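Visitor: Each chain, letter by letter, is given below.
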Amino acid sequence: MPVSPLHSFHERLGARFTDFGGWTMPVQYAGVIAEHMAVREGVGVFDVSHLGRFAVTGTGATEMVRSQLCNDVASITPGRAQYTMALNDRGGVVDDIIVWRFAGDDYWIMPNGTNFDTILGRFRDGAGDLTVEPVRDATALVAVQGPDSPEVVRRVLGSMPGRFRVETGTFEDHPFWAAGTGYTGERGAEIAVPVATAEALFGAIVDAGAEPCGLGARDTLRLEMGYPLWGQDLDEDTTPLEAGLEWVVSWDHEFVGRAALERQRREGLPKRLVAFETEDRKIPRHGHALRGGASHGTVTSGNFSPVLERGIGMGYLSPPYDGASVEILIRKDWVRADVVTPPFIAR
Amino acid sequence: MNIPADLRYAENHEWARLEPDGRVRMGISDYAQDALGDIVYVELPEVGRTAEAGEAFAEVESTKSVSDVYAPIAGTVVEVNAKLEENPELVNQDPYGEGWFAIFEPGEGATLDDLMDAAAYETFLEGQP
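Respectively, the protein sequence lines represent chains A and B.
The first sequence: position 200 = 291 (the numbering used here), numbered continuously.
The second sequence: position 25 = 34 (the numbering used here), numbered continuously.
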């Protein structure tokens with residue numbers, strides 16, 4: 092099973108590991124809740140080297156990238172990042188993706204780790220004369236997240252990328268590639284470096300005061316923000332419209348899946364995402380049955396919110412449901428939960 | 010790993026202590042709380058509930074997963090630790106003290122003799138993944 096270039100470093104920090112999309116990655120160090128709160132109130136650092144990343148370069152790269160993805164990379168200027176998706180012909184989400192646009196025709200495409208080969212293959216098929224080159228194996232990727240992250244990143248890299256801004260520079264005489272992005276709802280940066288400087292970077296970030304955080308806290312942090320996780324909240328049978336993510340769809344260009352989305356807009360949605368919180372510590376979980384009025388469905392993500400100290404979750408109801416509360420089958424009881432608009436926590 | 014010598018242990022990682030009044034106080038072991046991670050919810054039975062030894066009678070939920078908790082002895086639940094409702098983290102902080110789960114009135118002929126002592130439990134844990 093692949094491991095991060097930082098694996099032995101994590102072992103020395105006392106991490107516990109989990110299998111995540113075929114990679115052995117740290118799930119926690121001190122504990123999920125302590126790490127979660129470190130990111131909400133201070134600063135934490137995650138190893139996210141399992142995330143996919145490949146470069147697309149060459150004249151015409153912009154046209155190719157924008158035809159593959161439903162958001163429009165031509166709408167951001169060089170030096171910025173964008174959240175977007177690759178769809179199938181039915182409008183279903185093949186993956187949700189972050190694109191870093193370094194220069195006019197110079198991109199990094201960053202799919203989920205599990206979908207790396209699928210998305211890389213799709214871009215290679217459409218590449219023509221463009222260069223499509225994987226960069227995952229040659230690099231490590233770390234995410235520094237939390238209100239105190241700018242101070243830490245400035246101390247380590249000399250500068251902090253703004254929100255959804257992309258920067259490059261040098262760290263320990265090697266290049267770094269960074270963006271003001273993350274998956275926690277906090278200020279932060281994701282930083283890639285060659286494998287040779289991976290431990291030096293992670294160590295410098297920890298020494299500057301960031302708490303090492305595992306994928307357990309990353310999941311509770313993203314859930315508190317209502318961010319979807321591909322494979323749970325998004326999949327090939329779910330469209331961005333059903334997921335409440337129409338803002339990710341840019342209607343000003345042609346892209347794979349567009350016709351299906353237009354049809355869905357005309358004819359209505361067969362299901363729609365709903366987010367909810369329980370009144371106490373009863374915790375909705377992936378796979379629990381969900382109902383609201385005459386609508387039925389399944390919880391796709393759920394956990395305990397360390398900030399709210401109650402259960403939070405999301406799932407799909409079919410047909411779409413507009414009521415103020417839902418019920419979740421937690422073990423043997425139907426538990427009432429209030430419908431809320433994410434993020435779950437005040438921002 | 011803390012394994013107090015005066016307790017008995019079940020293979021599902023519950024501990025049990027014979028109290029001076031003949032009742033049995035129980036909870037989950039230090040190993041169990043550590044393996045579960047941050048505990049965020051504990052579901053305890055109603056007082057008066059009876060259980061066979063090894064029967065699931067409570068649940069413990071961490072940020073990772075939900076697990077059953079099994080009765081270490083056959084009997085009737087006569088008291089539960091109501092503090093866990095608001096402060097489930099007590100199970101992580103003090104599994105053998107403030108984080109206890111329930112007190113059983115042992116059923117007819119039920120004893121702790123079938124459970125492991127501390128030395129046997131320590132050996133048992135060495136065989137765990």
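Be aware that one or more of the hints could be misleading.
Taking lysine to aspartate or glutamate pairs in the DMTMM-like style, the calculated list, with each CA pair at most 25 angstroms apart, reads [what the hints assert, rightly or not]:
hint, chain 1, residue 1, chain 2, residue 2
1, A, Lys373, A, Asp413
2, A, Lys423, B, Glu95
3, B, Lys73, B, Glu98
4, A, Lys423, A, Glu358
5, A, Lys373, A, Asp429
6, A, Lys373, A, Asp424
7, A, Lys373, B, Glu135
8, B, Lys92, B, Glu52
9, A, Lys373, B, Glu88
10, A, Lys423, B, Glu55
11, A, Lys423, B, Glu117
12, A, Lys423, B, Asp39
13, A, Lys373, B, Asp103
14, B, Lys92, B, Glu131
15, A, Lys373, B, Asp39
16, B, Lys92, B, Asp39
17, A, Lys373, B, Glu114
18, B, Lys73, A, Asp413
19, A, Lys423, B, Asp103
In silico contact screen, one side only, chain A against chain B (beta carbon under 7 angstroms); selected entries [claimed, not checked]:
hint, residue
20, Val123
21, Val339
22, Gly378
23, Arg382
24, Phe395
25, Leu399
It should be emphasised that the hints constitute simulated quantities derived from the structure, not laboratory data.
None of the values given here were measured: they were computed from a predicted structure.
All C-beta atoms in this analysis are idealised placements derived from N, C-alpha and C, irrespective of residue type, glycine included.
Visitor: Between the alpha carbons of B:Lys92 and B:Glu52, is the straight-line distance 25 angstroms or under?
Guide: The hint holds at about 11 angstroms.
Visitor: What's the verdict on A:Lys373 and A:Asp429, does the C-alpha distance respect the 25 angstroms limit or exceed it?
Guide: Holds - the C-alpha atoms of A:Asp429 and A:Lys373 are around 13 angstroms apart, at most 25 angstroms.
Visitor: Quick check on A:Phe395 please, does its C-beta sit within 7 angstroms of some C-beta on chain B?
Guide: For A:Phe395, the interface hint holds, since the closest Cβ of chain B sits about 4 angstroms away, which is under 7 angstroms.
Visitor: For a C-alpha distance cap of 25 angstroms, please report whether A:Lys423 and A:Glu358 respect it.
Guide: The given pair, whose Cα atoms are some 37 angstroms apart, is violated under the 25 angstroms limit.
Visitor: Can the hint on A:Leu399 be confirmed by a CB-to-CB distance to chain B that is less than 7 angstroms?
Guide: At 11 angstroms from the nearest chain B Cβ, A:Leu399 fails the 7 angstroms test, so the hint is violated.
Visitor: Regarding the pair A:Lys373 and B:Asp39, is the alpha-carbon distance no greater than 25 angstroms?
Guide: With Cα atoms ~24 angstroms apart, A:Lys373 and B:Asp39 stay inside 25 angstroms; holds.
Visitor: Against the 25 angstroms threshold, does the CA-CA distance of B:Lys92 and B:Asp39 hold or violate the hint?
Guide: holds (18 angstroms)
Visitor: With a cut-off of 25 angstroms on the C-alpha distance, tell me whether A:Lys373 and B:Glu88 pass.
Guide: Holds. A:Lys373 to B:Glu88 sits at ~22 angstroms (cutoff 25 angstroms).
Visitor: Please work out if B:Lys92 and B:Glu131 have their alpha carbons no farther apart than 25 angstroms.
Guide: violated (29 angstroms)
Visitor: Measure nothing beyond the straight line between the CA atoms of A:Lys373 and A:Asp424; if it is 25 angstroms or shorter, mark the hint as holding.
Guide: holds (10 angstroms)
Visitor: Would you mind confirming whether the straight-line C-alpha gap from B:Lys73 to A:Asp413 stays at or under 25 angstroms?
Guide: violated (31 angstroms)
Visitor: A closest beta-carbon separation below 7 angstroms is what the hint needs, so does A:Val123 meet it against chain B?
Guide: holds (4 angstroms)
Taken one by one, the earlier hints fail for this structure at numbers 4, 7, 11, 12, 14, 17, 18, 19, 21, 22, 23, 25, listed in ascending order.
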